[in-house]
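Asks: Throw the hints in and build the complete structure from the sequences for me.
Protein sequence lines, in the order shown, are assigned to chains A and B. The letter at position 180 of the first sequence is residue 180 when you use the UniProt record's numbering, and the numbering goes up by one with no holes. The letter at position 157 of the second sequence is residue 157 when you use the UniProt record's numbering, and the numbering goes up by one with no holes.
Hints were generated in silico from the structure; no laboratory data involved. Keep in mind it's a predicted model, so treat the numbers as computed, not measured. Note that CB positions come from ideal geometry on N, CA and C, so glycine has one too. It cannot be assumed that every hint is accurate.
Short derived list, chain B residues pointing at chain A, Cβ under 10 Å [to be verified]:
| # | residue |
| --- | --- |
| 1 | Gly195 |
| 2 | Ser280 |
| 3 | Lys595 |
Computed footprint of chain B on chain A, listed as stretches where at least three residues anywhere in the stretch have a Cβ under 8 Å from a Cβ of chain B [to be verified]:
| # | stretch |
| --- | --- |
| 4 | 40-48 |
| 5 | 78-88 |
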Amino acid sequence: MASRRRMLLKVIILGDSGVGKTSLMNQYVNRKFSNQYKATIGADFLTKEVQFEDRLYTLQIWDTAGQERFQSLGVAFYRGADCCVLVYDVNVMKSFENLNNWREEFLLQASPSDPENFPFIVLGNKVDIDGGNSRVISEKKAKAWCASKGNIPYFETSAKEGFNVEAAFQCIARNALKNEPEEELYLPDTIDVSGGQQQRSTGCEC
Amino acid sequence: MPSNSDSSSSSSSSTSSGEYQTPKRNSTSIDQSLDAIENQLASISMFQPDSLLESEPEPEPVPELEVSKEELVNGSVNVIEELPAKNEEGESLKASSSRVWTNASEEVEEMEAPPSPSSSGYDGGRGSSATSGIEDANDDDNDGEIVEVRSHGDSVGASDSQAPWTPGKRHGDEDDASISWRKRKKHFFILSHSGKPIYSRYGDEHKLAGFSATLQAIISFVENGGDRVKLVKAGKHQVVFLVKGPIYLVCISCTEEPYESLKCQLELLYGQMILILTKSVNRCFEKNPKFDMTPLLGGTDVVFSSLIHSFSWNPATFLHAYTCLPLAYPTRQAAGAILQDVADSGVLFAILMCRHKVISLVGAQKAALHPDDMLLLSNFVVSSESFRTSESFSPICLPRYNPMAFLYAYVHYFDLDTYLILLTTSSDAFYHLKDCRIRIENVLLKSNVLAEVQKSLLDGGMHVEDLSIESGSRSGSVSPHSSQSGLATESAERLRDTFSGVGGPAGLWHFIYRSIYLDQYVTSEFSSPINSLRQQKRLYRAYQKVYTSMHEKGIGPHKTQFRRDENYVLLCWVTQDFELYAAFDPLADKALAIKVCNRVCQWVKDVENEIFLLGASPFSWRLLSL
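Replies: Okay, here's the thing in structure tokens:
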């Protein structure tokens, strides 16, 4: 029974402003794209149900604002994340260079129990622009960086054309699950009225 | 004691609360002395500065139940008559919290998103159709109803409101994009500090994940600034937040209940969760902030929704007291004796209940049961269908007794309504408790307790029609079958003739009497014209509101309040020994109503050994809980 239950995965999307975080999410959740740029303020929240290996998952996607003035929201937003998606624009060098800052900021603020193995995923977005002629980061360079950070999975995407978006989010779900901790028995203490030490209960998981 | 300082303390306090600021109108009461006092109070209440509120709560008058009318009047009648008044409560709160809201909405505003699985914006522009529906809302609406379905006339909606409450989650297919969901009058949410949904009264928790994230973002954003968000007002909606470590609780309501009431309901909801899981869940979140509690709570939806439902019908939820099934004294004694016998054999608490009413209860030495724990425990038992089908043994936690650890509850139903709860600290005591239960059952059968319980269920408790207004004649006992007074039937009949169909004497419709030392309350049975569930709920909401105003932090508790609005006259009277809340016909005469309240108190005293559990171990929790 317990293995059949629905799971909820909290997914944080990070990256410089304008790299297309909101567009990726919108393409994934609503299959829509708009050329108009609207800055996200604070954070947006979307949910999407996915089926994966016969189980239903709900992705709770936290689309954050890229502007630096929103960085103070960090702790509050990152707490309890199951997966972190780092997005950059393959046509903008700075957005790639900042990936490291975003990753470290996340690890610092969210302080996950096992930072080495926390599931990240990197998306190089806007590969459609100018037929790829304006890109300044090669796939090779991006993959090398990902490899150096503990083999972070890497996807090249186009939110505009919907290219690779579905596959990327599939991977996000899979990685979040890999990190799922072992189910522990829930064992609160039992009241001991005799005044001695508290005894462990026999482990009834209600 | 100087009557002036006394009355000023109660009257000015109601002004500062802001709740009952009223356009005064001249009373048409025939009682000139009352009018004089009222006028005096009117001026005091207009101009009394807050500092005077500190004037000491005088010791006196009269935990004597035999208060003469004059004493009551001179002592401290706080008379408030109001026309349908504009509700301007919590101005200061509103101001401070709206600042928070402004900030939050600047930062956490959502993008312009298509309506479907996207979230947040409960009160945002996109919900305009929903909010416009809510504008019309009245607070007497049926819980499950969508606002527009309600009708103004009391009788028109009667068929709706008489429909039995269906347990469990309703409208589970809704989410925050559903117009119907947005129109629900009262939402409750439990979520984790990472924004993962744990419980929602309406709609599917997973579909509401985005909404839940929004709530967390608001709470965390304010927390980040070293502050704490307690209440956000948005039009007719109040959003009340309660943070309990890693657990966040939120109520969104347009029922016009006071903030204090809603917060207290969130506290109970949290208590219910602790009862099921203990506070040890906090450790799970410490170890793993991603922790998902929902599997631990599997199948308990019905427990939460039943508790939420009880907020609108069970006065125990705001009185923090329990109520007993009326029984002849020897019958209750017999039940208590066998429970005591069992308690001496290593049972921590033995509780015999009928629905939500106590038949008898016994605690091992020095163990005291808090009324809120009893409410949560009986709600847990009554709402879980599986307890009815077989004897059960379940770990439970009493949040007021020890929130960190489990006890074990043996539960057995003797019949459809009557059940026994035996609490122990030993996880392997099932067979011992089963033996105890068999012993108890034998005694209950032999002494006819179970049959008496059924009889009492049929007869009901105190009927306002049975109240005699003649101070000389004794009011009847509660239950006709154990009647001790021959006068009862006679006077009752006479009064029924006079007031047929309109409640008790002087237009008395209903009352609640709460004994402070016993931690117990008794209510009269509902009778005409408070017939429908909708009317009953509205009356409870009125009581709840007036209870809150009587117990305002800092300046309460107050002594008396006489309040007239378009629906009722409410008369409240708080002494060291008891609290009385009585509802009258809105046209009731003031002096008569006061007289009748004195009679009610006398009546309660006359029958106290039938309606209360006397001699139960005193509750030592009051100071802790306040």
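Asks: Mind checking, does the stretch 40-48 of chain A have 3 or more residues with a CB under 8 Å from chain B?
Replies: holds (count 9)
Asks: Test coverage of the stretch 78-88 of chain A by chain B using CB-CB distances below 8 Å; three residues minimum.
Replies: holds (count 4)
Asks: With a cut-off of 10 Å, does the beta carbon of Gly195 (chain B) approach a beta carbon of chain A closely enough for the hint to hold?
Replies: Because about 7 Å separates Gly195 (chain B) from the closest Cβ in chain A, which is inside the 10 Å limit, the hint holds.
Asks: Can we keep the Lys595 (chain B) interface hint, with Cβ of chain A closer than 10 Å?
Replies: 50 Å, violated
Asks: Are Ser280 (chain B) and chain A close enough, Cβ to Cβ, to be under 10 Å, as the hint says?
Replies: Status holds, d = 4 Å.
Hint compliance for this structure: hint 3 is the single one not met.
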